[in-house]
Amino acid sequence: MPFIDARDLPGDSEIVADLIVIGGGLAGLALARQWAGSRRSVAVLESGGKAFDPATQDLYRGEGSMRGPGGEARPFGDYVHQSRRRMLGGSGMVWGGKCVALDPADFAQRGWVPGSGWPVSRAQMQPYYDRASDLLEIPRFPAGETDLEIEGRPALVIDGRRRFFSAARHYSKLSGGVDRARYDRWRFAPAEAANITVYLNANVTELKLRADRQGLERLDVATLEGRRHTARGQTYVLATGGIENARLLLASNSVAKAGVGNDADLVGRHFQGHSVFLVNDLARGRATSAYFSAGGNPLRLYTDGVRGLSHCVFAPTLAGQRGRRAGNATITLVPPPSKGPPDPERQALEQLADRLDGGGGAGEVGCFFMTEHMPNPESRVTLGGASDALGLPRVKLEWVWSEADFRSLESTVAAFGRALGEAGLGRLSFPADRSAFLAMAAGSSSRHHMGTTRMHRDPAKGVVDEHGRVHGVSNLYVAGSSVFPTSGIGNPTLTLLAMTMRLSDHLKTRMKEAA
Amino acid sequence: MDRRTVLMALASLAAGAAAPAAALPQIDPEGARRIGQAYLDAHPGRRLEAGRLQADLLADGWTPEAAARLRTRVAADFRAGRLFVHRGWWLSDTEGRLFALAALTPG
Numbered sequence: 001m002p003f004i005d006a007r008d009l010p011g012d013s014e015i016v017a018d019l020i021v022i023g024g025g026l027a028g029l030a031l032a033r034q035w036a037g038s039r040r041s042v043a044v045l046e047s048g049g050k051a052f053d054p055a056t057q058d059l060y061r062g063e064g065s066m067r068g069p070g071g072e073a074r075p076f077g078d079y080v081h082q083s084r085r086r087m088l089g090g091s092g093m094v095w096g097g098k099c100v101a102l103d104p105a106d107f108a109q110r111g112w113v114p115g116s117g118w119p120v121s122r123a124q125m126q127p128y129y130d131r132a133s134d135l136l137e138i139p140r141f142p143a144g145e146t147d148l149e150i151e152g153r154p155a156l157v158i159d160g161r162r163r164f165f166s167a168a169r170h171y172s173k174l175s176g177g178v179d180r181a182r183y184d185r186w187r188f189a190p191a192e193a194a195n196i197t198v199y200l201n202a203n204v205t206e207l208k209l210r211a212d213r214q215g216l217e218r219l220d221v222a223t224l225e226g227r228r229h230t231a232r233g234q235t236y237v238l239a240t241g242g243i244e245n246a247r248l249l250l251a252s253n254s255v256a257k258a259g260v261g262n263d264a265d266l267v268g269r270h271f272q273g274h275s276v277f278l279v280n281d282l283a284r285g286r287a288t289s290a291y292f293s294a295g296g297n298p299l300r301l302y303t304d305g306v307r308g309l310s311h312c313v314f315a316p317t318l319a320g321q322r323g324r325r326a327g328n329a330t331i332t333l334v335p336p337p338s339k340g341p342p343d344p345e346r347q348a349l350e351q352l353a354d355r356l357d358g359g360g361g362a363g364e365v366g367c368f369f370m371t372e373h374m375p376n377p378e379s380r381v382t383l384g385g386a387s388d389a390l391g392l393p394r395v396k397l398e399w400v401w402s403e404a405d406f407r408s409l410e411s412t413v414a415a416f417g418r419a420l421g422e423a424g425l426g427r428l429s430f431p432a433d434r435s436a437f438l439a440m441a442a443g444s445s446s447r448h449h450m451g452t453t454r455m456h457r458d459p460a461k462g463v464v465d466e467h468g469r470v471h472g473v474s475n476l477y478v479a480g481s482s483v484f485p486t487s488g489i490g491n492p493t494l495t496l497l498a499m500t501m502r503l504s505d506h507l508k509t510r511m512k513e514a515a
Numbered sequence: 001m002d003r004r005t006v007l008m009a010l011a012s013l014a015a016g017a018a019a020p021a022a023a024l025p026q027i028d029p030e031g032a033r034r035i036g037q038a039y040l041d042a043h044p045g046r047r048l049e050a051g052r053l054q055a056d057l058l059a060d061g062w063t064p065e066a067a068a069r070l071r072t073r074v075a076a077d078f079r080a081g082r083l084f085v086h087r088g089w090w091l092s093d094t095e096g097r098l099f100a101l102a103a104l105t106p107g
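Same order as they appear, the protein sequences are chains S and Z. Take the first sequence: its position 358, counted from the start at 1, is 358 in my numbering, and no numbers get skipped. Take the second sequence: its position 37, counted from the start at 1, is 37 in my numbering, and no numbers get skipped.
It cannot be assumed that every hint is accurate.
[Unchecked claim] Non-contacting residues of chain Z with respect to chain S, defined by C-beta distances greater than 10 Å in every case (computed):
#, residue
1, Asp28
2, Glu30
3, Ala32
4, Asp41
5, Arg46
6, Arg47
7, Leu48
8, Glu49
9, Asp60
10, Pro64
11, Leu83
12, Thr105
13, Pro106
[What the hints assert, rightly or not] Distance windows between CB atoms, simulated:
#, chain 1, residue 1, chain 2, residue 2, range
14, Z, Arg47, S, Pro335, 26 to 34 Å
15, S, Gly285, Z, Asp41, 14 to 22 Å
16, Z, Gln37, S, Arg284, 18 to 26 Å
17, Z, Arg79, S, Thr146, 20 to 28 Å
18, Z, Arg47, S, Gly285, 27 to 35 Å
19, S, Gly308, Z, Arg69, 33 to 41 Å
20, S, Pro54, Z, Asp41, 39 to 47 Å
21, S, Ala319, Z, Gln37, 33 to 41 Å
22, S, Pro75, Z, Ala55, 54 to 62 Å
23, S, Arg182, Z, Gln37, 43 to 51 Å
24, Z, Arg47, S, Trp112, 34 to 42 Å
[Said to hold, decoys possible] If you want the ones that stay clear, here's a sample from chain S, every Cβ over 10 Å from chain Z, calculated:
#, residue
25, Arg33
26, Gly71
27, Ser116
28, Gly152
29, Gly285
30, Arg286
31, Gly305
32, Ala353
33, Arg355
34, Glu398
35, Ser402
36, Ala414
37, Glu422
38, Leu428
39, Pro431
40, Ala432
Rather than coming from a laboratory, the hints here were simulated on the basis of the structure. Backbone N, C-alpha and C fix where the C-beta goes; we use that ideal spot for every residue, glycine too.
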């Protein structure tokens, strides 16, 4: 069906479809595409239009802060506005295209990581990862902790894969940030299906519960120009992103005061994000870097990521994490940092490493660390005091790093440095201590928003069940990275698309049974 | 043994003591001295003297076996967590002691 602009609909129009998808970003559009050509009618309600509109984007403004375990907080207000995109195609419009399958460890119940464990294993996710990889036109990921040789570039085995392995990363061109024309074709395609209608400039302002609170009765829809509409469906899927999903559930409080699906006070909690930890102070000879003294390996498999090529990062195995009671992490290698002033000490220690390890290595490379942001109920999205142009409370994000997060980072740095040295492969430099971690994190945060509607079979421990259905609400599902119980270190797009495929399959079965 | 000899001997480890040390790239003497001094400063309680260190690290002198023995010892240090972290660099304690030997040896 052609696109329909909600601003052009007569006031108080009622949109009716079997399946209503709230949000036309990567997750919402991918879900809709799964239903193209089916006998079910599908409506996608997208807040924005095809083009970027500052007034629509302004609906994302809010408050923000980042806090460390010592209690020190840093203002982080722009992040909630700048780190996402409110338009057809969503944050896929600015996505860099990096694709990662979460590690088996990320899905595992890890006794030393509170709140860990997905109701689905990495192996069970494999067919969905394959479908998501096909959608994104990238190579499929293997299921295990597997060192890969990619396009003739061999992996460097550090310690027999006992504690670290090489985890693959691929780049998709299906991204507005990489290939706008290709992404435009993809984001416009759902509207070409006869059974799918995409409504633009259609802001959902409330998920209206029935009086019995057991299901949604309708959606309230508004345009910035003041038009009001409603939407009714058999099944609803909330797919507005890792921050907005929580905001809309919390703000939908006219029937249940705590919001929809929030009986256990979990909506918005356990926000998880990813930050880069690095030092690059070349003038003072301080940079996170590694010197590879031996191994005869040119390391291109690791440093080619900056050129947009498939590459690998080093990641701790599940056994390695267990041994240190630490979370997941990655060490990403980049081409050598620019040369600073002469540094005799660096020269000497690299020369001695050469002699001890046998020499013949790749030399110096830059590197940075990322550490898992573990589930933490105090790290959360809530409603702020101000309201947006539609009258909805603006969002408030409190991104909190815990003692366990920073301890895990320190542990990973030490373990990687020791593993390189023990293997006689090289030496690691990480010239920073914990006092610098919060500033590093705040200065290099990714656009990954996860965990705010976490998935768990137990309604006391999760917002959605193992299928993505909101606990206690029979016809409302959530798609996107907000359902991730843990976040690993992977760019979430591939996993959220894989989870969307899984959700779509479930809905097809369920709605077929209902028919 | 003077510092230059120590450093040339260290530099010769890769090929064994029989190799002509002068033909191999040297270890930066000033850098080695600074790291060694930092190691000494970080361990004020230890009795770190050139003779003791040489006896500890190179009991049989500069022999071809010294390289293999030192490599094994360095790996064991990393495995056991006997570390010397200098300006963010994660080094083994043995490397710190080798640099300390260089620092204590007259230049």
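Here is how each hint holds up against the structure:
1. Asp28: violated, 4 Å
2. Glu30: Glu30/Z not clear of chain S: closest Cβ-Cβ about 4 Å, inside 10 Å.
3. Ala32: violated, 4 Å
4. Asp41: With a cut-off of 10 Å, Asp41/Z remains clear of chain S, as the shortest Cβ separation is near 14 Å.
5. Arg46: holds, 20 Å
6. Arg47: Given that every Cβ of chain S is farther than 10 Å from that of Arg47/Z, nearest at about 23 Å, it holds.
7. Leu48: holds, 18 Å
8. Glu49: holds, 21 Å
9. Asp60: Answer for Asp60/Z: holds, closest chain S Cβ roughly 18 Å.
10. Pro64: The claim stands: Pro64/Z keeps its Cβ more than 10 Å from every Cβ of chain S (closest is about 13 Å).
11. Leu83: violated, 7 Å
12. Thr105: Thr105/Z is indeed farther than 10 Å from all Cβ atoms of chain S, at 14 Å.
13. Pro106: At roughly 18 Å from the nearest Cβ of chain S, Pro106/Z sits farther out than 10 Å, so the non-interface label holds.
14. Arg47/Z / Pro335/S: 26 to 34 Å: violated, 44 Å
15. Gly285/S / Asp41/Z: 14 to 22 Å: Taking Cβ atoms as reference, Gly285/S and Asp41/Z lie about 19 Å apart, which means the hint holds.
16. Gln37/Z / Arg284/S: 18 to 26 Å: For Arg284/S against Gln37/Z, whose Cβ atoms are near 19 Å apart, the range 18 to 26 Å holds.
17. Arg79/Z / Thr146/S: 20 to 28 Å: holds, 25 Å
18. Arg47/Z / Gly285/S: 27 to 35 Å: holds, 31 Å
19. Gly308/S / Arg69/Z: 33 to 41 Å: violated, 46 Å
20. Pro54/S / Asp41/Z: 39 to 47 Å: violated, 58 Å
21. Ala319/S / Gln37/Z: 33 to 41 Å: Check passed, 40 Å falls within 33 to 41 Å.
22. Pro75/S / Ala55/Z: 54 to 62 Å: holds, 58 Å
23. Arg182/S / Gln37/Z: 43 to 51 Å: violated, 59 Å
24. Arg47/Z / Trp112/S: 34 to 42 Å: Taking Cβ atoms as reference, Arg47/Z and Trp112/S lie about 41 Å apart, which means the hint holds.
25. Arg33: Its Cβ never comes within 10 Å of chain Z, the nearest being 48 Å, so this holds.
26. Gly71: Correct as stated: the minimum Cβ-Cβ distance to chain Z is 26 Å, above 10 Å.
27. Ser116: holds, 26 Å
28. Gly152: holds, 29 Å
29. Gly285: With a cut-off of 10 Å, Gly285/S comes too close to chain Z, as the shortest Cβ separation is near 7 Å.
30. Arg286: About 7 Å separates Arg286/S from the closest Cβ of chain Z, which leaves it inside 10 Å; violated.
31. Gly305: Given a closest Cβ separation of 23 Å, the condition holds.
32. Ala353: violated, 8 Å
33. Arg355: violated, 4 Å
34. Glu398: Non-interface label on Glu398/S holds, nearest chain Z Cβ at 31 Å vs cutoff 10 Å.
35. Ser402: Ser402/S is indeed farther than 10 Å from all Cβ atoms of chain Z, at 24 Å.
36. Ala414: Its Cβ does come within 10 Å of chain Z, the nearest being 7 Å, so this is violated.
37. Glu422: violated, 4 Å
38. Leu428: Its Cβ does come within 10 Å of chain Z, the nearest being 5 Å, so this is violated.
39. Pro431: violated, 3 Å
40. Ala432: violated, 7 Å
In this structure, the hints that do not hold are numbers 1, 2, 3, 11, 14, 19, 20, 23, 29, 30, 32, 33, 36, 37, 38, 39 and 40, in rising order.
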